[in-house]
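Novice: Protein chains in written order, with the numbering used here: chain A, 1 to 115; chain B, 116 to 226.
The reader is advised that the hints may include incorrect statements.
[Claimed, not checked] With a straight-line cut-off of 27 Å between C-alpha atoms, the simulated DSS-like cross-links for lysine-lysine are:
id: 1; chain 1: B; residue 1: 141; chain 2: A; residue 2: 11
id: 2; chain 1: B; residue 1: 152; chain 2: A; residue 2: 71
id: 3; chain 1: A; residue 1: 44; chain 2: B; residue 2: 141
id: 4; chain 1: B; residue 1: 165; chain 2: A; residue 2: 62
id: 5; chain 1: B; residue 1: 213; chain 2: A; residue 2: 44
id: 6; chain 1: B; residue 1: 183; chain 2: A; residue 2: 44
id: 7; chain 1: A; residue 1: 62; chain 2: B; residue 2: 183
Rather than coming from a laboratory, the hints here were simulated on the basis of the structure.
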Amino acid sequence: EAGVAQSPRYKIIEKRQSVAFWCNPISGHATLYWYQQILGQGPKLLIQFQNNGVVDDSQLPKDRFSAERLKGVDSTLKIQPAKLEDSAVYLCASSFSGANTGELFFGEGSRLTVL
Amino acid sequence: QQPVQSPQAVILREGEDAVINCSSSKALYSVHWYRQKHGEAPVFLMILLKGGEQKGHEKISASFNEKKQQSSLYLTASQLSYSGTYFCGTEKSYNTDKLIFGTGTRLQVFP
């Protein structure tokens, strides 16, 4: 079974530029999450989708971050404009029916460096 | 509210035991445990549900004290492969489906 796919693996940009990350969850997984993991910290939930609807985006800095999950399958996370503090690994995770019933499957992440 | 883990770091020799704790200031429905090796994605270890029993898998087990809003992860007879950072993830209620990860505990096992 294919895992959660993310791209790009690495991205270096200058502040005020924009960047987009893509995630393809495991086939059949209805719930998709984007987490931000700053070096040395635990993953912080940015947004959670159930199929193509947003369940929770309370921690998403909406003035610069946006995310969509068209057709309830793959998802894109965009940052525009980027700030230095956005340097982090962006992890995408998916689950069959949500965290309360079992595990989240994580992708390898997209490492963003903002200069 | 992010759960707090203790200790922040543990250094062990192979065969030694360790306990990692996870505490929340809010009532919890479930606690998840994940392990993340350097540069890799977090990998699921186990989930403990409110009202459930202590769980285990090989030499790694965990308990969940609902009244104290705490969970502990027990690593017995540690192996080199246990090295990594351990995160607990907590859910406040069944309907939130929202996993908040803790501060993390770095575990290093040496031969």
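Novice: All hints are to be evaluated individually against the structure, with a verdict given for each.
Specialist: Each hint, compared with the structure:
1. B:141 / A:11: violated, 37 Å
2. B:152 / A:71: Violated, at about 33 Å.
3. A:44 / B:141: Given pair residue 44 (chain A), residue 141 (chain B) holds - Cα atoms ~17 Å apart, limit 27 Å.
4. B:165 / A:62: violated, 34 Å
5. B:213 / A:44: This hinted pair holds, its Cα atoms lying about 11 Å apart.
6. B:183 / A:44: With Cα atoms ~24 Å apart, residue 183 (chain B) and residue 44 (chain A) stay inside 27 Å; holds.
7. A:62 / B:183: violated, 35 Å
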